[in-house]
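**Student:** Please put together the full structure from these sequences, using the hints given.
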Amino acid sequence: MMAHLLTLILFTPLAGAGLLLCVPRAQEQAIRWTAAIVATLGFLLSLPLWFRYDFTATGWQFAERAEWIPSIGAWYYLGVDGYSALLILLTTLIGAIAVLCSWAGITERVKEYYVSLLILQTGLLGAFMAVDFLLFFLFWEVMLVPMYFLIGIWGGGRRLYSAIKFFLYTLVGSVVMLLGILALYFHGHSVTGAYTFDVTELQQLTIPFALQKWIFLALFFGFAIKVPMFPFHTWLPDAHTDAPTAGSVILAAIMLKMGTYGFVRFSLPILPDASRYFVPLVAALAIVGIVYGALVALAQTDWKRLVAYSSVSHMGMVMLGMFALTPVGLTGGLLQQINHGISTGALFLIVGIVYERRHTREIAEYGGLSKAMPVFAAVFLIMTLSSIGLPALNGFIGELLILQGVYIVHPIWAGVGAVGIVLGAAYMLWLFQRTMFGTLDRPENASMADLGAREIVTFAPLIALAVWIGIYPAPFIRRLEGTVTRVTARVNPAAQPAVAGVPAAAGPALNDTGAGTGFNPTLVTCDSAPAAGPKPSATPSAPPDFVTIASCADSPSKPAPKPAPKAPPKKPGGR
Amino acid sequence: MTAIGFSRGDLYYLLPELIVCTGALLLLLADVALSQQRQARAAWVAILSLGAAATLLAVMSASETTIARGTFAVDGFAIFFKLLFVMSAAVTVLLSHRYLTIEGGRPGEYYFLVLCATAGMMIMASGIDLIVLFIGLETMAVCFYILAGFLKPNRRSNEAAVKYFLLGAFSLALLLYGMSLLYGLTGSTALRAIATALASGSSGRLLAVAVMLLVAGLGFKIAAAPFHMWAPDVYEGAPTPITAFLSVGSKAAAFAMLLRIFFEGLPAFHLDGLGSVFGQPLGWASFFYVLSVLSMTIGNLAALTQTNVKRMLAYSSIAQAGYMLIGIVAGTPRGVSAALLYLVVYAFMQLGAFGVIVLMRREGVAGDELRDLAGLSSRQPAIGIAMLLFMLSLGGIPPTAGFMGKVWLFASAIEAGYFGLAVIAVLNSALSLYYYVRVVVYVWVRREEPGTPPIVLSRAMIVALAFAAAGTLALGVYPRILFELAQASAASLGRAEPMLGWLR
Chain P
1 MMAHLLTLIL FTPLAGAGLL LCVPRAQEQA IRWTAAIVAT LGFLLSLPLW
51 FRYDFTATGW QFAERAEWIP SIGAWYYLGV DGYSALLILL TTLIGAIAVL
101 CSWAGITERV KEYYVSLLIL QTGLLGAFMA VDFLLFFLFW EVMLVPMYFL
151 IGIWGGGRRL YSAIKFFLYT LVGSVVMLLG ILALYFHGHS VTGAYTFDVT
201 ELQQLTIPFA LQKWIFLALF FGFAIKVPMF PFHTWLPDAH TDAPTAGSVI
251 LAAIMLKMGT YGFVRFSLPI LPDASRYFVP LVAALAIVGI VYGALVALAQ
301 TDWKRLVAYS SVSHMGMVML GMFALTPVGL TGGLLQQINH GISTGALFLI
351 VGIVYERRHT REIAEYGGLS KAMPVFAAVF LIMTLSSIGL PALNGFIGEL
401 LILQGVYIVH PIWAGVGAVG IVLGAAYMLW LFQRTMFGTL DRPENASMAD
451 LGAREIVTFA PLIALAVWIG IYPAPFIRRL EGTVTRVTAR VNPAAQPAVA
501 GVPAAAGPAL NDTGAGTGFN PTLVTCDSAP AAGPKPSATP SAPPDFVTIA
551 SCADSPSKPA PKPAPKAPPK KPGGR
Chain H
1 MTAIGFSRGD LYYLLPELIV CTGALLLLLA DVALSQQRQA RAAWVAILSL
51 GAAATLLAVM SASETTIARG TFAVDGFAIF FKLLFVMSAA VTVLLSHRYL
101 TIEGGRPGEY YFLVLCATAG MMIMASGIDL IVLFIGLETM AVCFYILAGF
151 LKPNRRSNEA AVKYFLLGAF SLALLLYGMS LLYGLTGSTA LRAIATALAS
201 GSSGRLLAVA VMLLVAGLGF KIAAAPFHMW APDVYEGAPT PITAFLSVGS
251 KAAAFAMLLR IFFEGLPAFH LDGLGSVFGQ PLGWASFFYV LSVLSMTIGN
301 LAALTQTNVK RMLAYSSIAQ AGYMLIGIVA GTPRGVSAAL LYLVVYAFMQ
351 LGAFGVIVLM RREGVAGDEL RDLAGLSSRQ PAIGIAMLLF MLSLGGIPPT
401 AGFMGKVWLF ASAIEAGYFG LAVIAVLNSA LSLYYYVRVV VYVWVRREEP
451 GTPPIVLSRA MIVALAFAAA GTLALGVYPR ILFELAQASA ASLGRAEPML
501 GWLR
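As given, the protein sequences belong to chains P and H, one line each in that order. Taken in order, the first sequence gives residues 1 to 575; the numbers are from this note's numbering. Taken in order, the second sequence gives residues 1 to 504; the numbers are from this note's numbering.
Hints were generated in silico from the structure; no laboratory data involved. There is no bait here: all hints are sound.
Counterexamples of contact, computed for chain H against chain P with all Cβ distances above 10 Å:
#1 C21
#2 N154
#3 A302
Listing some non-contacts, in silico: residues in chain P with all C-beta distances to chain H over 10 Å:
#4 A104
#5 A364
#6 D441
Here are some, though not all, of the chain P residues that point toward chain H, as calculated from beta-carbon distances under 10 Å:
#7 S71
#8 I72
#9 K111
#10 Y148
#11 F149
#12 G152
#13 I153
#14 R159
#15 L160
#16 L168
#17 L171
#18 V176
Glycine residues also receive a C-beta, built at the ideal position from the N, C-alpha and C atoms.
**Tutor:** This is the structure we're talking about:
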């Protein structure tokens, strides 16, 4: 079974969709249960990616390779590294949550809904698993149709408009990206004499700079629309706002990561020179996105639209961290993707909960909800704080690493990025204040029911993860290390020798053993700590943990003393 | 080689065509002999003869030879196309069965014409002599003129027939004129002799005129802009199964002829003294470049505003011809194989899409307007899924066959260095999704109008649509066999030699 684990994870949702087709349309409850069981099973099946992850391996893990279209060199080639393993785990988790959160909200065409959701799940998983560029592209496009249906059939507002906008924007980007892929493919042939879409081999090509630039732009067009980066973001507010709750959650938590994943997996390692060349452009767009997204979010009167614009801002942050091209910044960028998936996913769930009860998303319609829904308010508070990056929650770690990584390269960028964080705190806290505090003057708000058991179940894993990453991110960061090392070695080798003053070859090995001995004891205590009681253990363990993170993330990049003094001054200043 | 008359080998290799013709003649007899109630058997005769022809074609699939004194090639290329024609014809027969009952046509003569058209196409795929090619084309075209007007009481059908006939005759005249110039310049009608003659001599202005006439004539037949004007009206007016056959079979046959003429007969043609485009001498590829860009752009833009599905699919098929021409422009083995591959893919999705429109034709409902499709998914979920697949495939979205076809066409353009063409093509491809998705919206999102008659599935219809849908999906998920077949067939173009051995 382990030999075909990825295939199993990949096709479980699809098989579930096939199963659902056989369930009679009228048996809505049976359809919901089947979908829930399939999605949960999908999550459980993906757990070995966490527990059986091999920290010492350098290549693809759980790899599977079979002939697909041999005459053109396309393979059914699946594999993961630490980064994609985390994204896959996030996908299967969010997939299960998406099924649960639709339980009461979707009452029409239930069967088609869950079939779309499960097919979408397979598309998402496939894109994260594919090591063959053509296979990746196939899954990348497969996602469009079920998402189109989710928005177009079960959405609200101008749903058809939003759906087609999402569809065409993404499609235009991806067809241009396809040309880039093909150019890469033929260049690979002209150099090596073999036709291949294998990413591992493409990453070893030496491509002339002029060609790199063109291919980078083609891929950039596809990925940047998906992220979305600043001028290409206009599909996002519409799609996120009009999608049903599960659709928004998947869009925000997973689908946006597809774009950043593309950069990390393809653009940076395959086109290192062009990536370096375009850093100013990308960073500028990212910074504009951070500030612009935050400012527009401040001006929103629609709860869901506000969260949607916050995504633009946060994803700008992720891109900025990644394109710092330093190990720390990259680590932060990757980790922040997971964090954004958790917190923004949860924020969309939160909007969904009030929308289900009141059928409005106007912020002005609410106020004083914390009195009517105390548990809900608590959940919302945790997720708000996670989103704005309060220490001891996940957002803090990611943003800190990003700013640290960017600061090394360009202090001013980091400064502007920090402004975005301040604005983020402003719009989120203001939102919280307007909806949760104040007087509960509307009778229809006063009668709103607090979270039910099913809803608490949907939030529980996200809260647990937020706290876990906030307090003890080491297991996550260690999983990202391999990816970060490989990508930076390719795109910014200059950062490597500075690593720890050790030759590059010895660097990771040394680090690994250090991690093995130094981290394991803490790992044991911390795995049990959140279960026992997150809050009490948070305060004492946070400072030492923070130090270990910093040193752990920094050891591949800088001598330990350097970042340590840098980080503390940033913290009070940024906040 | 036998000096005069036919050898055993000639007869053997012509058997598929002969079987189809025999079937056609039997149908003509049956039309007279059978009573009105037993007319359904006519469809069986057609299916069986097509099946027999397909079996024989499969048996001789490894052949690579020329027969009939070097005018007729039986190579992988020809077999590939012939199987495609036979398959399309069989699906057309399946689609027509119920349609004819509703429209009240005589099945015997209808299927006779379908089979004759098929025989014409098969000759077009094999001909390596201008005369043979022209005979095949004319056989096919005449059948289609009649078939387009088969619904005698229907004015639109009559109009379609007249338009098709007049414009078709005009285009044939252009083509024939081009051929005659070619003959005058080279002294031969055999494509390979023409190639040899042109390779040694210089290409003058007259040759350029001949090539332009050939491009124009064939451009009409593949419905490429700016020679597309007949297509929307004819597609809309003709009986729907015939529209399907016309848009798939006739287009594929014209492509086969085009490939034969330009790749076997005029491989080295280029215009001297007229400058160069993109660093390459102006040749027939430049003409097709223009045709390709115009077809994609005009086809897609015009399709955006259509509310009649048949008309929309007509414009879409103009755009599809533009995509296929990319492979011709590229001119590489990859380009040719991509065009072949796309023709097969296109056959599945186009026949399927028209099949659904045929299905919508019921007593009192024309069924070819977009709004007629509203709520189809809730009435017939399986048909809804099939239509979704066809539309996605036409738009080039995976995991359907259309995606694989398009990827390979774009790849051939990039490999040959036509980056601009590739960019225009992908942008067009994205644009086209707008109107394909609109069909999907009607099928899946819109609610049906109350009071419309039920949609009844006949067995023949289920078989045809299931076949088309399965092909569309299977070739998208696992296209390996098709890729290999297309590559082998494209490679066999121009390689066939006169046969040896006992069959002589």
